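S.K.: Protein chains in written order, with this note's numbering: chain A, 1 to 95; chain B, 1 to 95; chain C, 1 to 95; chain D, 1 to 95; chain E, 1 to 95; chain F, 1 to 95; chain G, 1 to 95.
Hints are computed from structural coordinates only; laboratory data are not their basis.
Since this is a predicted model, take the numbers as computed values, not measurements.
Among the hints, a few may not be true.
[As the list claims (entries may be wrong)] Derived pair list, reagent style SDA-like, types lysine to any residue, alpha-carbon separation capped at 20 Å:
hint	chain 1	residue 1	chain 2	residue 2
1	G	Lys76	A	Glu16
2	C	Lys60	B	Lys69
3	E	Lys60	D	Ile41
4	B	Lys34	A	Arg86
5	B	Lys69	A	Ile3
6	F	Lys69	E	Lys60
[Said to hold, decoys possible] Negatives, chain B to chain A, calculated, CB over 10 Å:
hint	residue
7	Glu16
8	Thr51
9	Ile66
10	Lys76
11	Ile90
12	Glu95
Just so it is clear, CB atoms sit at the ideal spot from N, CA and C, and this is done for glycine as well.
The lines below spell out each chain.
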Amino acid sequence: MKIEPLDDRVLIKPLEAEEKTSGGIILPDAAKEKPQQGEVIAVGPGRTLDTGERAPVAVKKGDTVIFPKYGGDTVKIDDVEHRIVRESDILAILE
Amino acid sequence: MKIEPLDDRVLIKPLEAEEKTSGGIILPDAAKEKPQQGEVIAVGPGRTLDTGERAPVAVKKGDTVIFPKYGGDTVKIDDVEHRIVRESDILAILE
Amino acid sequence: MKIEPLDDRVLIKPLEAEEKTSGGIILPDAAKEKPQQGEVIAVGPGRTLDTGERAPVAVKKGDTVIFPKYGGDTVKIDDVEHRIVRESDILAILE
Amino acid sequence: MKIEPLDDRVLIKPLEAEEKTSGGIILPDAAKEKPQQGEVIAVGPGRTLDTGERAPVAVKKGDTVIFPKYGGDTVKIDDVEHRIVRESDILAILE
Amino acid sequence: MKIEPLDDRVLIKPLEAEEKTSGGIILPDAAKEKPQQGEVIAVGPGRTLDTGERAPVAVKKGDTVIFPKYGGDTVKIDDVEHRIVRESDILAILE
Amino acid sequence: MKIEPLDDRVLIKPLEAEEKTSGGIILPDAAKEKPQQGEVIAVGPGRTLDTGERAPVAVKKGDTVIFPKYGGDTVKIDDVEHRIVRESDILAILE
Amino acid sequence: MKIEPLDDRVLIKPLEAEEKTSGGIILPDAAKEKPQQGEVIAVGPGRTLDTGERAPVAVKKGDTVIFPKYGGDTVKIDDVEHRIVRESDILAILE
Numbered sequence: 001m002k003i004e005p006l007d008d009r010v011l012i013k014p015l016e017a018e019e020k021t022s023g024g025i026i027l028p029d030a031a032k033e034k035p036q037q038g039e040v041i042a043v044g045p046g047r048t049l050d051t052g053e054r055a056p057v058a059v060k061k062g063d064t065v066i067f068p069k070y071g072g073d074t075v076k077i078d079d080v081e082h083r084i085v086r087e088s089d090i091l092a093i094l095e
Numbered sequence: 001m002k003i004e005p006l007d008d009r010v011l012i013k014p015l016e017a018e019e020k021t022s023g024g025i026i027l028p029d030a031a032k033e034k035p036q037q038g039e040v041i042a043v044g045p046g047r048t049l050d051t052g053e054r055a056p057v058a059v060k061k062g063d064t065v066i067f068p069k070y071g072g073d074t075v076k077i078d079d080v081e082h083r084i085v086r087e088s089d090i091l092a093i094l095e
Numbered sequence: 001m002k003i004e005p006l007d008d009r010v011l012i013k014p015l016e017a018e019e020k021t022s023g024g025i026i027l028p029d030a031a032k033e034k035p036q037q038g039e040v041i042a043v044g045p046g047r048t049l050d051t052g053e054r055a056p057v058a059v060k061k062g063d064t065v066i067f068p069k070y071g072g073d074t075v076k077i078d079d080v081e082h083r084i085v086r087e088s089d090i091l092a093i094l095e
Numbered sequence: 001m002k003i004e005p006l007d008d009r010v011l012i013k014p015l016e017a018e019e020k021t022s023g024g025i026i027l028p029d030a031a032k033e034k035p036q037q038g039e040v041i042a043v044g045p046g047r048t049l050d051t052g053e054r055a056p057v058a059v060k061k062g063d064t065v066i067f068p069k070y071g072g073d074t075v076k077i078d079d080v081e082h083r084i085v086r087e088s089d090i091l092a093i094l095e
Numbered sequence: 001m002k003i004e005p006l007d008d009r010v011l012i013k014p015l016e017a018e019e020k021t022s023g024g025i026i027l028p029d030a031a032k033e034k035p036q037q038g039e040v041i042a043v044g045p046g047r048t049l050d051t052g053e054r055a056p057v058a059v060k061k062g063d064t065v066i067f068p069k070y071g072g073d074t075v076k077i078d079d080v081e082h083r084i085v086r087e088s089d090i091l092a093i094l095e
Numbered sequence: 001m002k003i004e005p006l007d008d009r010v011l012i013k014p015l016e017a018e019e020k021t022s023g024g025i026i027l028p029d030a031a032k033e034k035p036q037q038g039e040v041i042a043v044g045p046g047r048t049l050d051t052g053e054r055a056p057v058a059v060k061k062g063d064t065v066i067f068p069k070y071g072g073d074t075v076k077i078d079d080v081e082h083r084i085v086r087e088s089d090i091l092a093i094l095e
Numbered sequence: 001m002k003i004e005p006l007d008d009r010v011l012i013k014p015l016e017a018e019e020k021t022s023g024g025i026i027l028p029d030a031a032k033e034k035p036q037q038g039e040v041i042a043v044g045p046g047r048t049l050d051t052g053e054r055a056p057v058a059v060k061k062g063d064t065v066i067f068p069k070y071g072g073d074t075v076k077i078d079d080v081e082h083r084i085v086r087e088s089d090i091l092a093i094l095e
């Protein structure tokens with residue numbers, strides 16, 4: 001069974017806040033209002049443009065992304081909290 | 001007799017909150033602000049684009065969906081509370 | 001003499017709240033914030049799209065519809081309160 | 001001398017509130033928040049669409065219309081208060 | 001030297017409030033919230049549409065217009081207060 | 001070194017408030033809420049339309065413009081406060 | 001490892017506030033509400049237009065830009081606070 005996000009939504013598994021990425025980027029848990037890192041688990045088909053077509057989502061499954069700590073929705077999968085956010089709320093991809 | 005939602009609205013029969021899906025996704029009732037699962041009972045024709053055409057709705061009858069606990073409208077059918085929400089409020093499909 | 005709604009407005013004669021439809025749908029009067037049923041009496045030409053054309057209204061005279069208890073305007077015709085609401089506020093058609 | 005409304009504005013001469021139309025439609029003065037009847041005196045050229053063209057106004061000089069009691073602007077012509085409202089605020093035409 | 005308004009702005013020289021127009025239209029100064037009359041002194045090129053073209057302004061130099069008493073900006077020219085308002089705020093032309 | 005404004009922004013050097021222009025236009029400093037005069041120092045490429053093209057900015061370097069006293073941003077260049085405002089906030093050009 | 005901003009976002013490394021640029025532009029730290037200077041580190045692909053295409057971002061890696069002191073998000077890279085802001089929030093490029 002899997003979750004298939006709608007519209008331009010993205011399902012994200014947040015990384016532990018104390019985790020330090022290899023490139024030296026730290027997003028400490030103490031800084032509550034700071035953005036968070038996470039792994040993209042599933043991606044929606046993209047938002048519908050005025051032309052009726054879908055704008056492709058700029059992140060893909062497996063990407064590590066930075067996203068705001070608040071906003072979006074929370075769902076629990078196998079006892080782990082995941083986040084569903086809109087693509088437009090994701091700040092950046094870590095490569 | 002049946003209910004035919006208008007625009008991009010979707011009629012949903014909420015699943016019992018304590019129900020655990022086979023894939024291990026739990027959306028506990030205690031977490032009042034958490035999204036809810038439900039079964040899609042009927043789907044509107046989709047919202048009208050600026051071009052005058054309808055954008056097809058991304059969910060279909062029988063889908064299990066995750067949707068916000070609040071928002072939308074409530075109607076009672078055969079003594080069971082149902083929800084009418086807009087497609088854009090539905091977070092994801094469970095497959 | 002008749003009322004001809006403008007834009008995407010719809011003139012509705014509300015059904016008695018205690019009325020139970022044949023399909024078992026009840027919208028009790030006690031639940032003040034719940035949507036209401038009514039009969040469509042007259043329908044406007046539809047809203048003007050950016051292309052200058054009118055988007056046809058999805059309900060027609062004689063339809064039984066579900067619409068929000070509040071919002072829109074109230075006019076009295078032959079001592080009976082009617083409602084003028086926009087098409088986009090109507091939730092569903094009962095068939 | 002005459003008043004030529006701009007954009008999609010409509011100049012309306014309100015009917016006396018106690019006036020009862022032949023079809024039995026009453027909009028009593030006591031119900032302060034209720035819509036009002038009036039006669040259309042002059043009509044603007046319509047709002048400019050994104051295409052640069054004007055959307056024709058759906059009411060014409062001489063129409064009896066229902067419009068909200070509040071909103072729009074008031075001007076005095078020959079000691080009679082008139083109203084200037086936007087077309088989109090007019091609810092319906094009485095025929 | 002002259003003032004050339006930008007966008008869809010219009011430079012207006014307000015008429016004395018107690019002035020009564022020949023057609024019997026009075027906009028008394030006492031009614032502080034009432035619209036005002038004035039003479040159009042200069043007109044901008046019109047607002048830019050999404051197509052990149054300018055929508056022509058519906059008033060021209062010399063027109064007598066009715067406009068809201070508040071809103072827009074005030075500039076003093078030769079000791080006389082003038083108003084700069086957007087075309088969309090002007091209610092009507094007096095002819 | 002120079003400042004190159006982005007989008008439809010315009011860099012303005014405000015004129016001394018007590019300065020009287022030759023045409024008799026005064027914008028006294030005492031009237032704190034009144035618009036201000038200034039000289040255009042640099043102009044951005046214009047805002048991007050929905051078509052992807054830039055709408056040309058209606059003012060050019062050297063123009064004397066009237067702009068609101070508040071709003072926009074302030075930067076100090078050679079100890080003189082300058083303003084960065086959007087084209088849409090500029091009221092008029094003085095010629 | 002690098003950060004790849006999404007949409008029209010720009011990653012900026014703020015310059016020390018007391019730093020004086022060669023052209024005499026000072027943006028003192030004391031003036032808390034004043035805009036800030038910074039160096040562009042990475043640029044997103046641009047926002048998606050209604051046509052489905054991307055509007056190219058007007059700044060590039062290495063540019064020195066002026067941007068508002070507040071707004072956007074903060075991330076820490078190698079112990080240095082960086083900012084992620086939208087292109088539309090950047091005021092100007094210093095050349």
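S.K.: Indicate, hint by hint, whether the structure satisfies it.
M.R.: How the hints compare with the structure:
no.	hint	result
1	G:Lys76 - A:Glu16	16 Å, holds
2	C:Lys60 - B:Lys69	32 Å, violated
3	E:Lys60 - D:Ile41	23 Å, violated
4	B:Lys34 - A:Arg86	17 Å, holds
5	B:Lys69 - A:Ile3	18 Å, holds
6	F:Lys69 - E:Lys60	28 Å, violated
7	Glu16	16 Å, holds
8	Thr51	6 Å, violated
9	Ile66	6 Å, violated
10	Lys76	26 Å, holds
11	Ile90	5 Å, violated
12	Glu95	5 Å, violated
Checked against the numbered hints above, the structure violates hints 2, 3, 6, 8, 9, 11, 12; every other hint is satisfied.
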